[in-house]
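Student: Line by line, the protein sequences give chains A and B.
So for the first sequence, the numbering used here puts the first residue at 3; every next one is plus one.
So for the second sequence, the numbering used here puts the first residue at 3; every next one is plus one.
One or more of the hints may lead you astray.
Note that identical chains are pooled: a pair holds if it fits in a single copy or bridges any two copies.
[To be verified] Simulated crosslink set (EDC-like; lysine to aspartate or glutamate; CA at most 20 angstroms straight-line): (1) Lys180 <-> Asp84; (2) Lys143 <-> Glu271; (3) Lys143 <-> Asp263; (4) Lys331 <-> Glu347; (5) Lys327 <-> Glu214; (6) Lys143 <-> Glu161.
Hints listed in this document are in silico derivations from the structure and should not be mistaken for laboratory results.
Protein chains: 2
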Amino acid sequence: MKRFFLFAMMLAGVTAFAQQRNNVVPSFTGAVEDFKPSVVNQRGHQYPMVNSQGAVRAQLRAPQANSVQIDIGGRRYEMVKDENGVWTGTTEPQDVGFHYYQLNVDGASVPDPGTIYFFGAGRWGSGIEIPSADMDFWQVKNVPQGVLEEKYYWASTTETMRHCFVYLPAEYQKNPDKKYPVLYLQHGNAEDENGWGSQGHTAQILDNLIAEGKAVPFIVVIDYGQGQNIPLIPQYASKLPQGQNGAPNVSDAFAVVLINDIIPMIEREYRVIPDAQHRAMAGLSMGGGQTRRTSMANPTTFAYVGLFSGGVMSVEDVQGSAGYKETNKVLFMSSGSKENPRVMEAAEALRGIGVNAVGYVSEGTAHEWHTWRRSLYQFAQLLFK
Amino acid sequence: MKRFFLFAMMLAGVTAFAQQRNNVVPSFTGAVEDFKPSVVNQRGHQYPMVNSQGAVRAQLRAPQANSVQIDIGGRRYEMVKDENGVWTGTTEPQDVGFHYYQLNVDGASVPDPGTIYFFGAGRWGSGIEIPSADMDFWQVKNVPQGVLEEKYYWASTTETMRHCFVYLPAEYQKNPDKKYPVLYLQHGNAEDENGWGSQGHTAQILDNLIAEGKAVPFIVVIDYGQGQNIPLIPQYASKLPQGQNGAPNVSDAFAVVLINDIIPMIEREYRVIPDAQHRAMAGLSMGGGQTRRTSMANPTTFAYVGLFSGGVMSVEDVQGSAGYKETNKVLFMSSGSKENPRVMEAAEALRGIGVNAVGYVSEGTAHEWHTWRRSLYQFAQLLFK
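Produce the complete structure using the sequences and hints provided.
Tutor: See below:
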């Protein structure tokens, strides 16, 4: 039942989206006319724009089109054509933070040519940023800068080359004898390893926290975890645990790669402190579920565990995994205020058995990236101290 | 006259594109039916496809559209709708290598939702890869892997944060006491710092060459060079040389940042051998022109110079720049066989005055990325030996 709940919750966004796809509404008419270009537009592009209410205004030149719509937040807003063949439409106010969206031109779903592109919702496509009062924490600032390394490596569990990103804090290259702790940080369903570095702003969040002395310097490893696309060789695939219906739980395919390939590769190729007290795992949504299952199956591997909109750990989860409680230093669970608020009670229950559990609720956000940026910002300050 | 020729040549691709935009032709009917998905498609997408002739077949579902076209190589090919509202079209054979393209839906130019996206032609948009007989040299292989680091840094010449990529060879982290030579490698007009790492496959080309012992390990720095978008502060902007019409030559704005900020930052933050004999500059198209002008203005700074489809250095250029000839170890000039073949004579003339000039012509390609990948492959083997 618990697993079903978790699974259902993770698919909630996708399901809601599918159910409401045909929810076509007129362009929003109540917008305050203080629109500014979105900060994730392509250079030189004025549209899409965002106003102080969080309404989005898009524009597309399509002189011969019969219908153009903005498809965002489960609704499609009708755009209106002017005499020059330029279509303009406005959405109702959106939550603060980052949203995936697309345009629909005569039945074709396409990216908006005005924005840069992000991987999410199972595709490369458009994104928009609704400014929030606290967006300062993920901006590029003139502080010591870490790097985000793009790296390919050979994985024995798939017998393929795989692709990951590695954040190294600014001081890493200056301290050739110092070793660092590592956070393994995962994306959600229908996303990939690009998300945390791009719309997640991992490098900026950590550079800024480290510069302010609020986080200790650590390495972050961001990999690809969509289980059904991880081609485990038979020797590993055959050992996957069974899911509810008797089939292998493909979500666990990532854990196989993480434990057998990613962690050993990182500990071999980077200056890393290779013990549980200096190793963390976290993830958002599906990645949070993977973090829960991976840490339960490997209870003495990660001293720090973070579930961002990824369900909760129960007292039974911890007590049923020998060594989990003794290894754990911080168990962090978060969610947006518009999704699952059970994280606070779950943390309280865990504190009742002596676990250092921390709950966090992101005000005014749902199952989206601003919840997860804020979660990383909070979690990072608790790590390796 | 020479400058004008160079400028005209660099804009040739753009101009040809603009002139032929309205060159609408029917879907190509002579295609061999052995189409396969393009290697730069999004995961799980069958379309666009490429056949053994290099013809491209695209597909888009747009049930209510009146017209859908494939816009590639200066032509727009009419796609045809089936009873399910799915449009399909086929282009004439394209040159081997990588091409930018887009779809046109009822007058709207949009990315093809089937491909991953690349920055070029002044926009983020679709790309397609036409297989070539020699495409092996840029594939990801199970050889020691370098990394491509994404890095922000403060620039005193613009008083802004800037963004670059740094390739570090596989052995860099294993040799904490070793210092490395550096190649500064630039993109073309209407492109940006993403090109060389993405469609250019710089990391793969160098990893493979180093693994085969054909290149020595070196660092590559890839930055953003579009002069009109580089906001030099007045103290530097006022010193830009004058162009033909008396206005500052904004193309030189990049040289100002390179000399005053990028090279010092790299030599401060990485283990670099900071002398001319271990410093190279190269660029494609506009970046080749920038390399020519920057190396002439700083004749004792770079011992290795590469112009990829970026015009030529003349005997007068070299003789007019005091110290250029004495500093230079290799002067490399390349072009596609379908563009400017003067590179071979120019190299011969330079060898006549004792310059180690090397000409290279990429067979069967024009002013496009496969010419430039091959140019890097050739140039890299000549560097720092």
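Student: Does each hint fit the structure? Answer for all of them.
Tutor: Status of the hints after comparison with the structure:
Proximity of Lys180 and Asp84 under a CA criterion of 20 angstroms is satisfied in neither setting, with 62 angstroms inside one chain copy and 63 angstroms between copies. Taking the shortest alpha-carbon separations for Lys143 and Glu271, only the inter-copy value of 18 angstroms comes in at or below 20 angstroms, while the best intra-copy value is 29 angstroms. Proximity of Lys143 to Asp263 under the C-alpha cut-off of 20 angstroms is restricted to the inter-copy arrangement: shortest distance 17 angstroms between copies versus 34 angstroms within a copy. In the homo-oligomer, the alpha carbons of Lys331 and Glu347 lie at most 20 angstroms apart inside one protomer (19 angstroms), although the nearest pairing across protomers, at 69 angstroms, exceeds that limit.
Neither within a single protomer nor between protomers do Lys327 and Glu214 lie at most 20 angstroms apart by alpha-carbon distance, with minima of 31 angstroms and 50 angstroms respectively. Taking CA atoms no more than 20 angstroms apart as the test, Lys143 paired with Glu161 passes between copies only; the shortest distance there is 12 angstroms, against 40 angstroms inside one copy.
Of the numbered hints stated above, those contradicted by the structure are hints 1, 5, listed in ascending order.
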